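Student: Now for the letters of each chain:
Protein chains: 2
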Amino acid sequence: MREVCIIGAGIHRFGRFEKTVEEMGREAAVMALKSAGVEWKQIEAAFVSNARFPVAVGHITLTPLGRTGISIIDTRAACASGVTAMQQGYMAIASGMAELVLVLGMEKMPRGFLNPEGTYAPWMVAQGFSQNSLYWALRARRHMELYGTTSAQLGKISVKNHRNGSLNPYAMYQKAMTLEEVLNSPMVNDPLTLFMICSPNEGAGAVVLASRKEARKYTSKPVILGASVHRIALFPIVISPTYRYTTKVEPIPVTTLAATAAYEKTGIGPADLDVIECQDSDAFSEIEAYEELGLCKEGDGGKLIESGDTEINGKVAVNPSGGLISKGEPLGASHLAQVVEIYWQLKGEAGPRQVKAARVGLAHVKGAGGNTGVSILKV
Amino acid sequence: MREVCIIGAGIHRFGRFEKTVEEMGREAAVMALKSAGVEWKQIEAAFVSNARFPVAVGHITLTPLGRTGISIIDTRAACASGVTAMQQGYMAIASGMAELVLVLGMEKMPRGFLNPEGTYAPWMVAQGFSQNSLYWALRARRHMELYGTTSAQLGKISVKNHRNGSLNPYAMYQKAMTLEEVLNSPMVNDPLTLFMICSPNEGAGAVVLASRKEARKYTSKPVILGASVHRIALFPIVISPTYRYTTKVEPIPVTTLAATAAYEKTGIGPADLDVIECQDSDAFSEIEAYEELGLCKEGDGGKLIESGDTEINGKVAVNPSGGLISKGEPLGASHLAQVVEIYWQLKGEAGPRQVKAARVGLAHVKGAGGNTGVSILKV
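Chains as they are written, first to last, in this note's numbering: chain A, -18 to 360; chain B, -18 to 360.
Chain A on its own, in the form it takes in the complex (with noise of 0.2 angstroms):
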């Protein structure tokens, strides 16, 4: 397998925007194209991915910037749509179809919390099951009473990630808080407060990747894209909100299936890591993040946070960027988000939030339908 390098990154803030998601997407493909060096009709093939758009957003968004005839998929699975589009790019690569390709996510959500139609049996609506509470809330409050987990672990996920945030000029809140804000800001579904939650947003986000015969015409430091892997849950998790932690009925969550198969595929591990991109959609997802990834075992994912280590300046920084908590998600572009910061991250271009000495790093997305992956990158 031929080793897949990515040599150009560029991003389109997190936010609410007077623009199209066309216009966002190729905001940030130019700017990847940009920090590559490299140009539109060099590429050769191109994955976008997004959640919420009709066949062809894709095309419509690259091909102004020129006719090139190259082959152009939409690629999507909820939160984790970036995945996909990672997924096809590194084949792309690894395969020898390509020596160039894009990789591109973007999205616009609407506003307020989700609640998709057809998404929950009739029962669960009538019972005033949302998005959050379904998915989080009774996650995270099956999690304090099994191991103790306090609202006040899950508030410094909070804190962490909106300091982080406030460091980031690509967050959609870049505004640090403390952790009293965090707790007495409305609660949304028990233990979960407003400031807890990400906000569904707008944004876009790009690599180039490249096979490493290429990527030395571009760069002596490329960034080596180990892994992308996307698989979905052993376990149909929407039946039942608790069952991680109570009927113990999937084998291993998605996440760590996720995660093993790239750090196989990668020969490395969770200690090795110094920067992780994760999916916090809530507070509490951090929290069983830390867990499926490998970053400690299960129940002790409260304490982790609490211990500082998971801080920029800790044994492994987790979501150095202010994570989805303080950038918001706009489902299709929130993987290639990650990606971008791990790849400044490990180029040492992340200005005040910089991890020092980050030399691996990961991303990780998971969302609706058990759609998850797990990027590796390394230098």
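Simulated from the structure, these hints should not be mistaken for laboratory data. On a predicted model such as this, the values are computed, not experimentally measured, just so you know. One or more of the hints may lead you astray.
No distinction is drawn between identical chains; accordingly, a pair holds when it is met within one copy or between any pair of copies.
Subject to a maximum C-alpha distance of 27 angstroms in a straight line, what follows is the list of computed BS3-like cross-link-like pairs (lysine-lysine) [claimed, not checked]:
id: 1; residue 1: K337; residue 2: K0
id: 2; residue 1: K246; residue 2: K22
id: 3; residue 1: K194; residue 2: K246
Since the structure of chain A is provided, determine the placement of chain B on it from the hints.
Tutor: For chain B alone, coordinates are given in the frame of chain A:
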């Protein structure tokens, strides 16, 4: 790059059925697995093409076979949806990401001629443009004016394909018809009569792809998938239906673009082909495909059908399955069914429609948005 093999194929008959798209897809998948001698739990990734169903239809189709946690990705590109799935399956094996993958295409189309909202500019709709007239009839008419192509030649495409379809138990229409019947059927868009046009319908097709090493465990004679290439037109074809033969503004037709990439990748040229399944959405499209795939020079397509060289016992059999004209066109399924037909032809398993000593075959799809693709198979 690792060699990619096809070791099994399955199909759900094309037509109209009292079944869900998931049921049809699953039947084709199970047939492909069975024919390969592979169990579902061995499959490491699945790529599912459809053009009309919401995200996760691939999961919903395949997870009843077992929740194995693999990546299942939905992919779409109008009539060319299937080749985007084939391209991904190809990359997964060629890159070394997987040893065994499933590629599935499936669809249920609404009845009647399609005139999707938003596809055409308001002035076009006001002028009565429909999918057929816009894409097909005007091009056919211009070709007739420029090169002397005749209605009888168009009719002979239908006669051939309906004769071939009468030998195919998976075709929607299994009835041979005379040239008179074709020419005297209702005129839809001059010069295209009803029996020269494919019917939108339902169906599914699937193949199991394997690395060469893995394929050896299941068969001593694997079929090699030399290339699966998706491309997008260099010119926005929706703007000018007659562009190809009038303005010459499109430097290279997209079919030629995709075929050239596949020819270069495999070292195979048009003269090497024994059997072709091509996009005969209408009779003229097959004539155009003759020219753009390089079987003859531009303008000679009409003569080629008259020569008999594209009959099952001719120099290069085109659409021995009966093509879309007799099978109908379920968008996401059509390329997979083409690949299945070529696979059977190269294995010598095509029954009464078997092409003698077929060793090299090509499948071609072309559709809206300029999406086009070519797969090349060989033994």
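Student: Next step is simple, just say for each hint if it's right about the structure.
Tutor: For each hint, the structure was consulted:
| no. | hint | in the structure |
| --- | --- | --- |
| 1 | K337 x K0 | neither (36 angstroms within a copy, 58 angstroms between copies) |
| 2 | K246 x K22 | between (32 angstroms within a copy, 20 angstroms between copies) |
| 3 | K194 x K246 | both (21 angstroms within a copy, 19 angstroms between copies) |
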